[in-house]
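If you want the building blocks of each chain, they are given just below.
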Amino acid sequence: MGLILAFLLFATGCIHHFRGGGSIWAPMLVQWQDVKQKKLVKGTLGFIWHGVTLWFIGMTGLALYAYVTPHIAQGIYLSLAIQNLSFAIIASLYGKLVYGRFLASPQWLFFWPIAVAAFVAYSGAM
Amino acid sequence: MKSKWNLAAFTVMALTVVAHAFGGGPEIWLPVYESSLPQVVRISMGLVWHGLTVLFIIMAALSLAAYLRPKLSLGINLSLAPINLGFGGVALIYGFVSTGGVLVLPQWILFLPMAVFTFMALKAMQKSEA
Chain D
1 MGLILAFLLF
11 ATGCIHHFRG
21 GGSIWAPMLV
31 QWQDVKQKKL
41 VKGTLGFIWH
51 GVTLWFIGMT
61 GLALYAYVTP
71 HIAQGIYLSL
81 AIQNLSFAII
91 ASLYGKLVYG
101 RFLASPQWLF
111 FWPIAVAAFV
121 AYSGAM
Chain H
1 MKSKWNLAAF
11 TVMALTVVAH
21 AFGGGPEIWL
31 PVYESSLPQV
41 VRISMGLVWH
51 GLTVLFIIMA
61 ALSLAAYLRP
71 KLSLGINLSL
81 APINLGFGGV
91 ALIYGFVSTG
101 GVLVLPQWIL
111 FLPMAVFTFM
121 ALKAMQKSEA
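So the sequences go chain by chain: D and H.
All residue numbers for the first sequence refer to the working numbering, where the first residue is 1 and numbers rise by one.
All residue numbers for the second sequence refer to the working numbering, where the first residue is 1 and numbers rise by one.
Chain H extracted, bound-state conformation (with noise of 0.2 Å):
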């Protein structure tokens, strides 16, 4: 069975490429990059800068790949949802802590209901199976 959900996490997975990409990419990467930190610094959090693009770009096209294969949508959905729940627990607990308030990081925003729509698709999944 498609889950509608699986379209649902790919659309907010494509705005988290985008966001992550041309958002980010000038306001957050950039000063790194152009900063006197050490090289192997700047070299370590730019790989998990466009380390983190890709995947995104990955768990987008896994989402796709949930819709169009339902065989293997239980394990991808699996596999989605705990990880958008901790990169938006991260952003929402973090940006708390280290801020003291939770709009200052955004992120969850996006992480957060991405982990929703791949559980929600994951149940649905899960009820057409039994």
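The shape of chain D in the complex, shown without the other chains (with noise of 0.2 Å):
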């Protein structure tokens, strides 16, 4: 399950950082450049929208060590399981609160599967 885990981690950071990079990124960008706004908020949006990125990197490769490293795997699968839990819960009633459909943030497809995986991997590393 860990090395399940560690794919769909790895596959939803690449969509982030590929797709959502040219159609919600960059768009960011153009319009930032369009306005004139303060170094800050162009700066912390690109800080946490890259970070988000490496988050991801970060926990696949977290997956991976539990993986190998039985001893010590439920805690870093417990920790992945609720880090992603999070995202899943607040992708799933954003759009919904906000924009009026669940699927107004989709994002939620891939935050369940990946909470799912890990919390399937913390009871079986109990």
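Don't read these hints as lab results, they were simulated from the structure.
For every residue, glycine included, the Cβ atom is placed at its ideal position computed from N, Cα and C.
Hints are supplied without guarantee of correctness; some may be wrong.
[Stated by the list, open to error] Here are the simulated SDA-like cross-link-like pairs (lysine to any residue), alpha carbons at most 25 Å apart as the crow flies:
(1) D/Lys39 with H/Phe22
(2) D/Lys96 with D/Gly21
(3) H/Lys123 with D/Lys38
(4) H/Lys71 with D/Gly21
(5) D/Lys39 with H/Ser35
(6) H/Lys127 with D/Gly61
(7) D/Lys38 with H/Gln126
(8) H/Lys123 with H/Pro70
(9) H/Lys2 with H/Ser128
(10) D/Lys96 with H/Pro26
(11) H/Lys2 with D/Gly21
(12) D/Lys96 with H/Leu37
(13) D/Lys96 with D/Pro106
(14) H/Lys71 with D/Leu64
(15) H/Lys2 with H/Gly100
(16) D/Lys38 with H/Gly23
(17) D/Lys38 with H/Tyr33
(18) H/Lys127 with H/Leu112
(19) H/Lys2 with H/Pro70
(20) D/Lys38 with H/Ala21
(21) H/Lys2 with H/Tyr67
(22) D/Lys38 with D/Leu64
[As the list claims (entries may be wrong)] To be clear about the criterion: a stretch of chain D counts as covered by chain H if any three or more of its residues have a C-beta under 8 Å from a C-beta of chain H, and this derived list gives those stretches:
(23) 7-13
(24) 44-56
Two chains, two frames, a set of hints: combine them into the complex.
Structure below.
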């Protein structure tokens, strides 16, 4: 399960970086270049966007590490499960509550399988 | 063994939550929410923004859990240290590259100590198990 989890995390990270980079982050950059905006705003948005990319890479590495070191895997899987569960819940609710439809923020389609896989891995490591 | 480094990490992460939600919310997120950007862009950035708010709360809770449940401490600290190092590193490097200074994006001031504290908790746990 650790390997499946690592694959899901890596795939989601690639989608965030390559697909989201073109369709989400690039328009953001264009928007702020046209508007006189404080450096802090532009920089922080870039920081959180690229930080999430790195977060996925880090979680992929951790899932792989947990797979090869079973004696400490439980804590790692628990940590990954809860972190991704938080994004799964936010993605599920945000689109519905703010924009009126669940598929407005379809990222929950990625985060729920990751969170479930991490919980299954956590249960298996107990 | 309970490590006080985890309590230090919890404190820093709680500060990060407050700074992100109450400082960054009005100053960073609101201009994006109220902008003329396409809806899909605003939704995705909103998800990233609010998702990180909850993630920081979760990381604070995990630091507390690592303090209270030493059995899970090793794995939790091992997962928190590189993630915070990554966030801190991105803030420092991206800030320098995009603005030419390291203080325009000051987020590393919170994330790098968080990485250090969780790493110290990790070392303390390894030492007690040896």
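Here is how each hint holds up against the structure:
A threshold of 25 Å between alpha carbons decides the hint, and for D/Lys39 with H/Phe22 the separation of about 19 Å falls inside it, so the pair holds. For the hint pairing D/Lys96 with D/Gly21, the CA-to-CA distance comes to about 24 Å; that is within 25 Å, so the pair holds. Taking the CA atoms of H/Lys123 and D/Lys38, the gap is about 40 Å. The hint is violated against a cut of 25 Å. A hinted pair counts as satisfied when its Cα atoms are at most 25 Å apart, and H/Lys71 with D/Gly21 does not qualify at roughly 39 Å.
Between D/Lys39 and H/Ser35 the CA atoms are separated by roughly 17 Å; this keeps the pair inside 25 Å, and the hint holds. Only pairs whose Cα atoms come within 25 Å are accepted, and H/Lys127 paired with D/Gly61 is accepted, the gap being roughly 24 Å. For a cut-off of 25 Å, the pair hint linking D/Lys38 to H/Gln126 is broken: about 44 Å separates their Cα positions. The straight-line distance between the Cα atoms of H/Lys123 and H/Pro70 is roughly 13 Å, inside the 25 Å bound, and the hint therefore holds.
With a C-alpha separation of about 10 Å, the suggested pairing of H/Lys2 with H/Ser128 holds against the 25 Å cut-off. Taking the CA atoms of D/Lys96 and H/Pro26, the gap is near 22 Å; set against the 25 Å cutoff, the hint holds. Straight-line distance between C-alpha atoms of H/Lys2 and D/Gly21 comes to about 42 Å, which puts the hinted pair past the 25 Å bound. With a C-alpha separation of about 19 Å, the suggested pair D/Lys96 and H/Leu37 falls inside the 25 Å cut-off, and the hint holds.
At roughly 10 Å between alpha-carbon atoms, D/Lys96 and D/Pro106 fall within 25 Å of each other, so this suggested pair holds. As the CA atoms of H/Lys71 and D/Leu64 are separated by approximately 20 Å, the hinted pair is consistent with the 25 Å bound. The suggested pairing of H/Lys2 with H/Gly100 is violated, with an alpha-carbon distance near 41 Å, which exceeds 25 Å. Our distance criterion of 25 Å between C-alpha atoms is met by D/Lys38 and H/Gly23, whose separation comes to about 15 Å.
Simply put, D/Lys38 and H/Tyr33 have alpha-carbon atoms about 16 Å apart, close enough for the 25 Å limit, and the pair holds. Between H/Lys127 and H/Leu112 the CA atoms are separated by roughly 22 Å; this keeps the pair inside 25 Å, and the hint holds. A threshold of 25 Å between alpha carbons decides the hint, and for H/Lys2 with H/Pro70 the separation of about 6 Å falls inside it, so the pair holds. For the suggested pair D/Lys38 and H/Ala21, the alpha carbons sit about 19 Å apart, so the restraint of at most 25 Å is met.
As the CA atoms of H/Lys2 and H/Tyr67 are separated by approximately 5 Å, the hinted pair is consistent with the 25 Å bound. For the hint pairing D/Lys38 with D/Leu64, the CA-to-CA distance comes to about 40 Å; that exceeds 25 Å, so the pair is violated. Counting residues of the segment 7-13 of chain D whose beta carbon lies closer than 8 Å to any beta carbon of chain H gives 0, which falls short of the minimum of three for the stated coverage. Evaluation of the coverage hint for the segment 44-56 of chain D: fulfilled, as 11 residues show C-beta separations to chain H shorter than 8 Å, against a requirement of three.
Hint compliance for this structure: hints 3, 4, 7, 11, 15, 22, 23 are broken, all remaining hints hold.
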